[in-house]
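J.: Chain residues, written in single-letter form:
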Amino acid sequence: DGGITQSPKYLFRKEGQNVTLSCEQNLNHDAMYWYRQDPGQGLRLIYYSQIVNDFQKGDIAEGYSVSREKKESFPLTVTSAQKNPTAFYLCASSIAPLADYEQYFGPGTRLTVT
Amino acid sequence: KNEVEQSPQNLTAQEGEFITINCSYSVGISALHWLQQHPGGGIVSLFMLSSGKKKHGRLIATINIQEKHSSLHITASHPRDSAVYICAAPGYGGSQGNLIFGKGTKLSVKP
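So the protein lines, in turn, are chains A and B. Just so we're aligned, residue 1 is where the first sequence starts under the working numbering, counting upward by one. Just so we're aligned, residue 1001 is where the second sequence starts under the working numbering, counting upward by one.
Be careful, since some hints might not be right.
Derived BS3-like pairs (lysine-lysine); straight-line CA-CA distance at most 25 Å [stated by the list, open to error]:
#: 1; chain 1: A; residue 1: Lys57; chain 2: B; residue 2: Lys1106
#: 2; chain 1: B; residue 1: Lys1055; chain 2: B; residue 2: Lys1068
#: 3; chain 1: B; residue 1: Lys1103; chain 2: A; residue 2: Lys9
#: 4; chain 1: A; residue 1: Lys83; chain 2: B; residue 2: Lys1103
#: 5; chain 1: B; residue 1: Lys1068; chain 2: A; residue 2: Lys9
#: 6; chain 1: A; residue 1: Lys57; chain 2: B; residue 2: Lys1103
#: 7; chain 1: A; residue 1: Lys57; chain 2: A; residue 2: Lys70
#: 8; chain 1: A; residue 1: Lys14; chain 2: A; residue 2: Lys70
#: 9; chain 1: B; residue 1: Lys1055; chain 2: B; residue 2: Lys1001
#: 10; chain 1: B; residue 1: Lys1053; chain 2: B; residue 2: Lys1068
Interface residues of chain B toward chain A, partial, derived using beta-carbon atoms under 10 Å [to be verified]:
#: 11; residue: Ser1030
#: 12; residue: Ile1043
#: 13; residue: Ser1050
#: 14; residue: Ser1051
#: 15; residue: Gly1052
#: 16; residue: Gly1097
Computed list of chain A residues with no C-beta within reach of chain B, every gap over 12 Å [stated by the list, open to error]:
#: 17; residue: Gln17
#: 18; residue: Asn28
#: 19; residue: Gln37
#: 20; residue: Ile51
#: 21; residue: Val52
#: 22; residue: Asp54
#: 23; residue: Pro75
#: 24; residue: Ser94
#: 25; residue: Glu102
#: 26; residue: Arg110
Source of the hints: derived by calculation from the structure; they are not laboratory data. Just so you know, even glycine gets a beta-carbon here, dropped at the ideal spot from N, CA and C.
Given the sequences, and given the hints that come with them, work out the whole structure.
T.: Below, the structure written as structure tokens:
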């Protein structure tokens, strides 16, 4: 089955620790995205990648980092510089990096930092 | 930058009722997306439409490009339709910019 996987589903970390969220897709999509969702707010774009070895900051990139060494993989690191990291994180992909292509979403990772 | 507004924020319906969720945006676009977020958090794409109307089962999406407005309708609603429905549009009009998402409409359908 083609799709996007994210792991783990739930993640707990102590304040001050970096944590890496996994995102893998086997859809052969060029574009991949990381979103953050907070209660009462719409999805907000953290980083996106249009092609391997390229990535761009989204609206709320501060305190996050990404890499895109393989087409299938787009991991997100939440660093200790992120002031409010507790949130639901969603990874998505699309066949091409234009907003009029359908995006496919992973199941999400719920991160809790205490 | 595009602004995307949804209404209502919350909606409770009885099984069998006809449901309408509204989405308006401020900058002309090439296509609007409707998404469904299940209680567990997973999101699926329902529709992407640039004009007129699309139908899939009991779901119908319409868009009025001139008025910058789209509606999602659910006919003969069922408790399994309970979810958050989200609309999204390109951030800078046309197909430019990444998607801007509305805050979602939380639908609860009671048996």
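J.: Would you mind marking each hint as holding or not holding in the structure?
T.: Verification of the supplied hints:
1. A:Lys57 / B:Lys1106: Given that 25 Å is the threshold and the Cα spacing comes to 29 Å, the pair is violated.
2. B:Lys1055 / B:Lys1068: Distance of about 20 Å is within 25 Å: holds.
3. B:Lys1103 / A:Lys9: It holds: about 23 Å lies between the C-alpha atoms, which stays within 25 Å.
4. A:Lys83 / B:Lys1103: Judged against 25 Å, a Cα distance of about 22 Å means the pair holds.
5. B:Lys1068 / A:Lys9: violated, 37 Å
6. A:Lys57 / B:Lys1103: holds, 21 Å
7. A:Lys57 / A:Lys70: holds, 18 Å
8. A:Lys14 / A:Lys70: Roughly 29 Å separates the two Cα atoms, so the pair is violated.
9. B:Lys1055 / B:Lys1001: violated, 29 Å
10. B:Lys1053 / B:Lys1068: holds, 14 Å
11. Ser1030: holds, 5 Å
12. Ile1043: Hint on B:Ile1043: holds, closest Cβ of chain A at ~4 Å, below 10 Å.
13. Ser1050: Cβ of B:Ser1050 sits 7 Å from chain A, so the hint holds.
14. Ser1051: Result: violated, 12 Å to nearest chain A Cβ.
15. Gly1052: violated, 15 Å
16. Gly1097: holds, 6 Å
17. Gln17: holds, 23 Å
18. Asn28: holds, 17 Å
19. Gln37: The claim breaks: A:Gln37 does not keep its Cβ more than 12 Å from every Cβ of chain B (closest is about 8 Å).
20. Ile51: holds, 15 Å
21. Val52: Label holds. Min Cβ-Cβ 19 Å, cutoff 12 Å.
22. Asp54: The claim stands: A:Asp54 keeps its Cβ more than 12 Å from every Cβ of chain B (closest is about 15 Å).
23. Pro75: holds, 19 Å
24. Ser94: violated, 9 Å
25. Glu102: violated, 5 Å
26. Arg110: Given that some Cβ of chain B is not farther than 12 Å from that of A:Arg110, nearest at about 7 Å, it is violated.
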